[in-house]
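The chain contents come next:
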Amino acid sequence: MNYILKNLPERTEKPRQTGFTMAMDKGMSPREVEDFIETCGNYVDIVKLGWATSYVTPNLKDKINIYQQAGIPTYFGGTLFEAFVVRNQFDDYRKVLDKFELTFAEVSDGSIELDHDLKCDYISKLSEQVTVLSEVGSKDAEKIIPPYKWISLMQAELDAGAWKVIGEAREGGNVGLFRSSGEVRSGLVEEILTKIPFEKIIWEAPQKAQQVWFIKLLGSNVNLGNIAPNEMIPLETLRLGLRGDTFDHFLNLESLQS
Amino acid sequence: MNYILKNLPERTEKPRQTGFTMAMDKGMSPREVEDFIETCGNYVDIVKLGWATSYVTPNLKDKINIYQQAGIPTYFGGTLFEAFVVRNQFDDYRKVLDKFELTFAEVSDGSIELDHDLKCDYISKLSEQVTVLSEVGSKDAEKIIPPYKWISLMQAELDAGAWKVIGEAREGGNVGLFRSSGEVRSGLVEEILTKIPFEKIIWEAPQKAQQVWFIKLLGSNVNLGNIAPNEMIPLETLRLGLRGDTFDHFLNLESLQS
Amino acid sequence: MNYILKNLPERTEKPRQTGFTMAMDKGMSPREVEDFIETCGNYVDIVKLGWATSYVTPNLKDKINIYQQAGIPTYFGGTLFEAFVVRNQFDDYRKVLDKFELTFAEVSDGSIELDHDLKCDYISKLSEQVTVLSEVGSKDAEKIIPPYKWISLMQAELDAGAWKVIGEAREGGNVGLFRSSGEVRSGLVEEILTKIPFEKIIWEAPQKAQQVWFIKLLGSNVNLGNIAPNEMIPLETLRLGLRGDTFDHFLNLESLQS
Numbered sequence: 001m002n003y004i005l006k007n008l009p010e011r012t013e014k015p016r017q018t019g020f021t022m023a024m025d026k027g028m029s030p031r032e033v034e035d036f037i038e039t040c041g042n043y044v045d046i047v048k049l050g051w052a053t054s055y056v057t058p059n060l061k062d063k064i065n066i067y068q069q070a071g072i073p074t075y076f077g078g079t080l081f082e083a084f085v086v087r088n089q090f091d092d093y094r095k096v097l098d099k100f101e102l103t104f105a106e107v108s109d110g111s112i113e114l115d116h117d118l119k120c121d122y123i124s125k126l127s128e129q130v131t132v133l134s135e136v137g138s139k140d141a142e143k144i145i146p147p148y149k150w151i152s153l154m155q156a157e158l159d160a161g162a163w164k165v166i167g168e169a170r171e172g173g174n175v176g177l178f179r180s181s182g183e184v185r186s187g188l189v190e191e192i193l194t195k196i197p198f199e200k201i202i203w204e205a206p207q208k209a210q211q212v213w214f215i216k217l218l219g220s221n222v223n224l225g226n227i228a229p230n231e232m233i234p235l236e237t238l239r240l241g242l243r244g245d246t247f248d249h250f251l252n253l254e255s256l257q258s
Numbered sequence: 001m002n003y004i005l006k007n008l009p010e011r012t013e014k015p016r017q018t019g020f021t022m023a024m025d026k027g028m029s030p031r032e033v034e035d036f037i038e039t040c041g042n043y044v045d046i047v048k049l050g051w052a053t054s055y056v057t058p059n060l061k062d063k064i065n066i067y068q069q070a071g072i073p074t075y076f077g078g079t080l081f082e083a084f085v086v087r088n089q090f091d092d093y094r095k096v097l098d099k100f101e102l103t104f105a106e107v108s109d110g111s112i113e114l115d116h117d118l119k120c121d122y123i124s125k126l127s128e129q130v131t132v133l134s135e136v137g138s139k140d141a142e143k144i145i146p147p148y149k150w151i152s153l154m155q156a157e158l159d160a161g162a163w164k165v166i167g168e169a170r171e172g173g174n175v176g177l178f179r180s181s182g183e184v185r186s187g188l189v190e191e192i193l194t195k196i197p198f199e200k201i202i203w204e205a206p207q208k209a210q211q212v213w214f215i216k217l218l219g220s221n222v223n224l225g226n227i228a229p230n231e232m233i234p235l236e237t238l239r240l241g242l243r244g245d246t247f248d249h250f251l252n253l254e255s256l257q258s
Numbered sequence: 001m002n003y004i005l006k007n008l009p010e011r012t013e014k015p016r017q018t019g020f021t022m023a024m025d026k027g028m029s030p031r032e033v034e035d036f037i038e039t040c041g042n043y044v045d046i047v048k049l050g051w052a053t054s055y056v057t058p059n060l061k062d063k064i065n066i067y068q069q070a071g072i073p074t075y076f077g078g079t080l081f082e083a084f085v086v087r088n089q090f091d092d093y094r095k096v097l098d099k100f101e102l103t104f105a106e107v108s109d110g111s112i113e114l115d116h117d118l119k120c121d122y123i124s125k126l127s128e129q130v131t132v133l134s135e136v137g138s139k140d141a142e143k144i145i146p147p148y149k150w151i152s153l154m155q156a157e158l159d160a161g162a163w164k165v166i167g168e169a170r171e172g173g174n175v176g177l178f179r180s181s182g183e184v185r186s187g188l189v190e191e192i193l194t195k196i197p198f199e200k201i202i203w204e205a206p207q208k209a210q211q212v213w214f215i216k217l218l219g220s221n222v223n224l225g226n227i228a229p230n231e232m233i234p235l236e237t238l239r240l241g242l243r244g245d246t247f248d249h250f251l252n253l254e255s256l257q258s
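Going line by line, the protein sequences match chains A, B and C. Counting in the numbering used here, the first sequence runs from 1 upward without gaps. Counting in the numbering used here, the second sequence runs from 1 upward without gaps. Counting in the numbering used here, the third sequence runs from 1 upward without gaps.
Don't take every hint at face value.
As the list claims (entries may be wrong) - Output of the computed footprint for chain B on chain A, the stretches with three or more beta carbons under 8 angstroms from beta carbons of chain B:
hint, region
1, 54–60
2, 68–82
3, 210–223
Unchecked claim - Taking lysine-lysine pairs in the BS3-like style, the calculated list, with each CA pair at most 30 angstroms apart, reads:
hint, chain 1, residue 1, chain 2, residue 2
4, A, Lys6, C, Lys125
5, A, Lys14, C, Lys99
6, A, Lys14, C, Lys61
None of these hints come from the bench; they were simulated from the model. From a predicted model like this one, the values you see are computed outputs, not experimental measurements. A virtual CB, placed ideally from N, CA and C, is assigned to each residue, including glycine.
Bound-form chain A, shown alone (with noise of 0.2 angstroms):
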């Protein structure tokens, strides 16, 4: 630690349940993936490969084992799963999973139509030989999904062996959980955290306005995901209350003064 400040919001260590950062790679170099350690390896959990980023990244293979030695589990975003699966080639999938010895995997049906009987399957199959975190809504932005059917569809899916369930955002913000304009769907994840325990759901909030959102509604332990790694030490104030944004929510005043 810098320095002491009094009576700040406590936040979890590593291994986290709660309070969890997904950070989203979207092709950063070696280099950067090592400065990217130094800075935030303490706060990062785990890291996406964005969608399938993989295919077209050289040196897949070292930039993989970087973060491995830092202790920072990867995965291929869900995106990659459903370019496999649309093709009839889940067995490769399974295979490219072995050959870059993953220990996590994302299943999602944000581009293909998947009946969810079957995404359940694969959800059960895959967590066989990976940790599998399972992704709900669409990243169509025309499909509306009630939250009575989040919730019974979140709850399908960690029966099916999912270790935890991400709320769709998409990297720019757009659908999903969010408004068109960028606005948290409210109701939606109130509704949601009704059914749902808090520690197995991953909210995607790439924007600060909606990081800031589920932190004030959630607290500093909340889990977060889609973070650009240049946005991990903001994340880490915001969840702190150490910046203007979430200052006051923290600030017990008479307990601060006393």
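On the provided structure of chain A, position chains B and C as indicated by the hints.
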């Protein structure tokens, strides 16, 4: 290749005449350039040192050399050409190109008034010395150029010796080919393509929505420019239908599942 | 200088009282800092370690040293000062400044209520220890401060010992000097300048449109702050009239073409 996915759209290989990507470097350090080349060297065909950033960039020669060693030509943004011309320093400009051993140059009139015959003279003269890219379109949001005029300007510049013509946007993507909302002026693009071969045009498309639009209209191997270095890997996935935005576009389910 | 362009506006040289640029580091790694200094060392006059990012930055001391070795002072964002003050830890804050051998500090009240006399006391006390920048304006979009009030606040803080005053925006550029649209409150700026010397003010201008606005109104050598590191080179071209946005503004065709 990190793994095999069936039925991906075909991409051209270097040296490319189509499927060409021009990246915009607006002030990277030499080490950042090295990282960029390591990750994106196979995807970037040419690098523009944005507008007149070369004037204030230290170690310019070293930086150009790093690109050249990797077989990636660089050139100065058109605004620099204009800055020399407006000062009656065209001869100095030619000497600067020689001093830095550049093999490409851009001729534009986005910020200055330039009689079109005179612009074509500059293209002609410079094309004896280097390979010329010429840019059509104004940076001025007020100046609307009708489609027939875009076509005749582009044709005249190709006739004068330009290797390819660039459809102007600005770094932020607000003018020229785009409405102030960032939306592509689609009728304009379609009309231009009835007359000018698509391999002769580089479309400036700094924003993701613009890249998606051109890829959907003109295919994986459309020539695109003004791409931010950290958007090169994401762009490559868009070209291959491996990101949500273009995922559906390249799916031919019959062929995929046979 | 890489090449000679005639009739460019004159820029001040280090150490600068005007034409001064304050960059915002919101969590760069030591290697990124080295890259930044290599490229922008001549243009950046001081670096703010944004808000309380210093709390969560590993190797803070090393990072500050890299800047200091390059002759670039750093200081903690005003939100950190406020975080100490609101916890009754002002004395601790003074010790932290000593511990990190900082020679600059910022006093602000963007996130806390602070009686203005008390704020001036803090400025006074800190100015015995370090050079003080004080920030005027609220981070709260609802709090509109009228022009005469900005002027009296700024004057009082200069009188209390502030070296320069900072006109508050927020990192995203949404409040204080700016309307929620990001537009500059132009009447406000003009009125302030009738009373406070322009070399005494650093205008926070994180967005390009804001930088352009200030440069056009106040010239190449306006003091600007909260500049993202990768926008330093672009800003330098704006100051010199070497980017489309300010190209016309600095052209004096008669002198250029004589």
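Quiz item: Straight-line Cα separation of A:Lys14 and C:Lys99 no greater than 30 angstroms?
Solution: Cα-Cα ~29 angstroms, so holds.
Practice problem: Confirm or reject the coverage of the region 68–82 of chain A by chain B under the rule of 3 or more residues with a beta carbon closer than 8 angstroms to the chain's beta carbons. | Solution: With 3 residues close enough to chain B, the hint holds.
Exercise. For the pair supplied as a hint, A:Lys14 and C:Lys61, confirm whether the alpha-carbon distance does not exceed 30 angstroms.
Key: 24 angstroms, holds
Self-check item: Assertion that chain B covers the region 54–60 of chain A - criterion: three or more residues, beta-carbon distance below 8 angstroms
Solution: holds (count 7)
Quiz item: Has the given pair, A:Lys6 with C:Lys125, been kept, meaning a C-alpha gap of at most 30 angstroms?
Solution: 22 angstroms, holds
Quiz item: For the region 210–223 of chain A, do three or more residues have a beta carbon lying closer than 8 angstroms to a beta carbon of chain B?
Solution: violated (count 0)
Going down the numbered hints, you'll see the structure goes against just number 3.
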